[in-house]
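Chains as they are written, first to last, in the numbering used here: chain A, -1 to 297; chain B, 9 to 306.
If you're looking for bench data, these hints aren't it; they were derived computationally from the structure.
If you want the ones that stay clear, here's a sample from chain A, every Cβ over 12 Å from chain B, calculated:
| no. | residue |
| --- | --- |
| 1 | Ala53 |
| 2 | Phe75 |
| 3 | Val79 |
| 4 | Gly86 |
| 5 | Ala173 |
| 6 | Ser174 |
| 7 | Ser204 |
| 8 | Val210 |
| 9 | Val240 |
| 10 | Arg295 |
Straight-line C-alpha distance at most 20 Å; calculated SDA-like pairs for lysine to any residue:
| no. | chain 1 | residue 1 | chain 2 | residue 2 |
| --- | --- | --- | --- | --- |
| 11 | B | Lys119 | A | Leu286 |
| 12 | B | Lys304 | A | Thr113 |
| 13 | B | Lys208 | A | Arg24 |
| 14 | B | Lys119 | B | Arg192 |
| 15 | B | Lys119 | A | Leu36 |
| 16 | B | Lys123 | A | Thr283 |
| 17 | B | Lys208 | B | Ser303 |
| 18 | B | Lys208 | A | Glu23 |
| 19 | B | Lys208 | A | Asn19 |
| 20 | B | Lys208 | B | Glu112 |
| 21 | B | Lys304 | A | Gly108 |
| 22 | B | Lys208 | B | Asp189 |
Computed from the model, here is a short list of chain B residues facing chain A with C-beta under 10 Å:
| no. | residue |
| --- | --- |
| 23 | Gly105 |
| 24 | Phe109 |
| 25 | Ala227 |
| 26 | Thr233 |
| 27 | Leu237 |
| 28 | Thr258 |
| 29 | Leu278 |
All residues carry an ideal CB built from backbone N, CA and C; glycine is no exception.
Chain residues, written in single-letter form:
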Amino acid sequence: MSAVREQSHAVFQATAVTLANRSRERFAVRVLTLITTLLILPLIAIISLLVAKGAPAMSLEFLLAAPVAGMTAGGIFPAIVGTLWLVGVSLAVAAPIGILAAVYLNEYAGDNWVTRIINLAIVNLAGVPSIVHALFGVGAFVLFLGMGTSILSASLTLAIMTLPVIIASTKEALASVPLAFREACWVLGASRWQTIRHVVLPNSISGILTGVILQVSRAAGETAPIMFTGAAFYLPFLPQSVYDQCMALSMHLFTVSTQVPNVPEAIPYATALVLLGLVMSVNLTSILFRSYLRSRRKW
Amino acid sequence: MQAQRSSSAAYAEIAIEALIRLCGFSAILFVFAIFFFVFWSGADFIIHRLDLVQFLGSEQWYPTSISNKRYGTLALLAGTASVTTLAMLIAVPLGLGAAVFISEFTSGWVKESLKVVIELLAAIPSVVWGFIGIAIMNPVIIKLFDAPIGLNVLNGGIILGLMSVPIIVSIGEDALKAVPDSYREASIAMGATRWQTVYKVLFPAARSGLLAAVLLGVARAIGETIAVLMATGHAVQIPHSPLDSVRTLTATIAAELGETARGSDHYQALFAIGVLLFFLTFCVNLIADLLVRESKRK
Chain A
-1 MSAVREQSHA
9 VFQATAVTLA
19 NRSRERFAVR
29 VLTLITTLLI
39 LPLIAIISLL
49 VAKGAPAMSL
59 EFLLAAPVAG
69 MTAGGIFPAI
79 VGTLWLVGVS
89 LAVAAPIGIL
99 AAVYLNEYAG
109 DNWVTRIINL
119 AIVNLAGVPS
129 IVHALFGVGA
139 FVLFLGMGTS
149 ILSASLTLAI
159 MTLPVIIAST
169 KEALASVPLA
179 FREACWVLGA
189 SRWQTIRHVV
199 LPNSISGILT
209 GVILQVSRAA
219 GETAPIMFTG
229 AAFYLPFLPQ
239 SVYDQCMALS
249 MHLFTVSTQV
259 PNVPEAIPYA
269 TALVLLGLVM
279 SVNLTSILFR
289 SYLRSRRKW
Chain B
9 MQAQRSSSAA
19 YAEIAIEALI
29 RLCGFSAILF
39 VFAIFFFVFW
49 SGADFIIHRL
59 DLVQFLGSEQ
69 WYPTSISNKR
79 YGTLALLAGT
89 ASVTTLAMLI
99 AVPLGLGAAV
109 FISEFTSGWV
119 KESLKVVIEL
129 LAAIPSVVWG
139 FIGIAIMNPV
149 IIKLFDAPIG
159 LNVLNGGIIL
169 GLMSVPIIVS
179 IGEDALKAVP
189 DSYREASIAM
199 GATRWQTVYK
209 VLFPAARSGL
219 LAAVLLGVAR
229 AIGETIAVLM
239 ATGHAVQIPH
249 SPLDSVRTLT
259 ATIAAELGET
269 ARGSDHYQAL
279 FAIGVLLFFL
289 TFCVNLIADL
299 LVRESKRK
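Extracted from the complex, chain A is given alone in its bound form (with noise of 0.2 Å):
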């Protein structure tokens, strides 16, 4: 028996430069680690700060209330109606179009150079720094087509700015139905779009929808492109139409953390906290229900 391990032990006895490999391996696996650790670290010090900090000044009643005495007081009511209509108006133009474009891009587009282009424009809208967006609204919806700075003009921007992500993920809820599903289809003689109306889409409808939740956060969390197009400082009054200014919980954590002075601490980081749990909420929400879906898909 000790013979035999004796043997074994001399076979598989590692020289130096297996046990030099082996030990590099296991100090880049720890620095690896070590990195990944760092980037979650910050995620969780941020959350916790702003609710330790956040938490005393957060009530129903900052939640329901109209800020007051220059904003060094009161609540952020306006803030969270604005962004609902922001969220809203930009998603209600924004998924039609990027629901469709997805469809032309997996269903019609052939592998040709028109394709190419059109990825590579959505690459490239998706890559504009918010600001040149914001230069755009102005210059298109608020003076060109004159709208005003209104909540209008500033969901046109925020719609045309978060059209990427709808467009890549409901792509890819397209792309994971499976190609004999239109087969079938096709040969019992229904048409293209009798297709895509009929198997396609209900089959790939909550895909869409996570793309859709996504864009909703991306949305809720932009400032840039608001600031000149439709997001107003302060405003007295909650918006009666889109053509009405809005406040925003973005664009009021941005005033009160800059702008105002002698805001009491507490009150930009229960903003920032009401903010980053909406975005997070949203964002987890995506996530959860998408890893339900592959889990549940039986193709």
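Given chain A, put chain B in place with the hints provided.
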């Protein structure tokens, strides 16, 4: 068989397919529209009065001077470059390291939850990052470095670095995932460790994809507006140390657009900066896209 379908249904189908096509091409339309309207809003100034040498080569940005208005963006370019460089010094090792770790050294629920963490990190709005720069990083930097002000290149660079990490991780991980498993198997079968496989096999094989990830991180850092506006201070100057305050191209537009008279030279000069930013990010994105395409072809 075709006759069984009513002609109105056929027309409706033609209409909806036309609409789908239109939406498909809309992205091209929007990119052109963005360039057109930004250029057009500053066209009078850009075409007639813009001194390109001064615009790109002078560090004197005095748009509100009464006697001698000067529109030099060199200091703003230096602001953008310094903050972006520092951000990349942080984001590239962290981002690529995390991409390698997530892609090659984890599996199962650990991998999935790490990806969720990265996604949540990406979801933090830029105004919240800016607020963290002001409320948390500012006092920390003042204390640690005994600096007069904590809103500077260091603050903005760290914030921007953390903001750029998620995009580098997700694109980088895609690039590593695109390397066929047979490469890994061959390397392991030769007796290489997993770490040797990473830097001897996967890095060369995924080179263009990883480079694209870094470039997209750069584009993100150049284009970020609100966070750097809040975290870098408001000093138009070429920085000499990370503790100097600066102002970037994007922050200048955001800070000054609201205070200028519509149609004035100053107002139009801000749109000229917008055109410059459009071109900068367009080029970086174009190169990144070509690299991604090349890595997919392999």
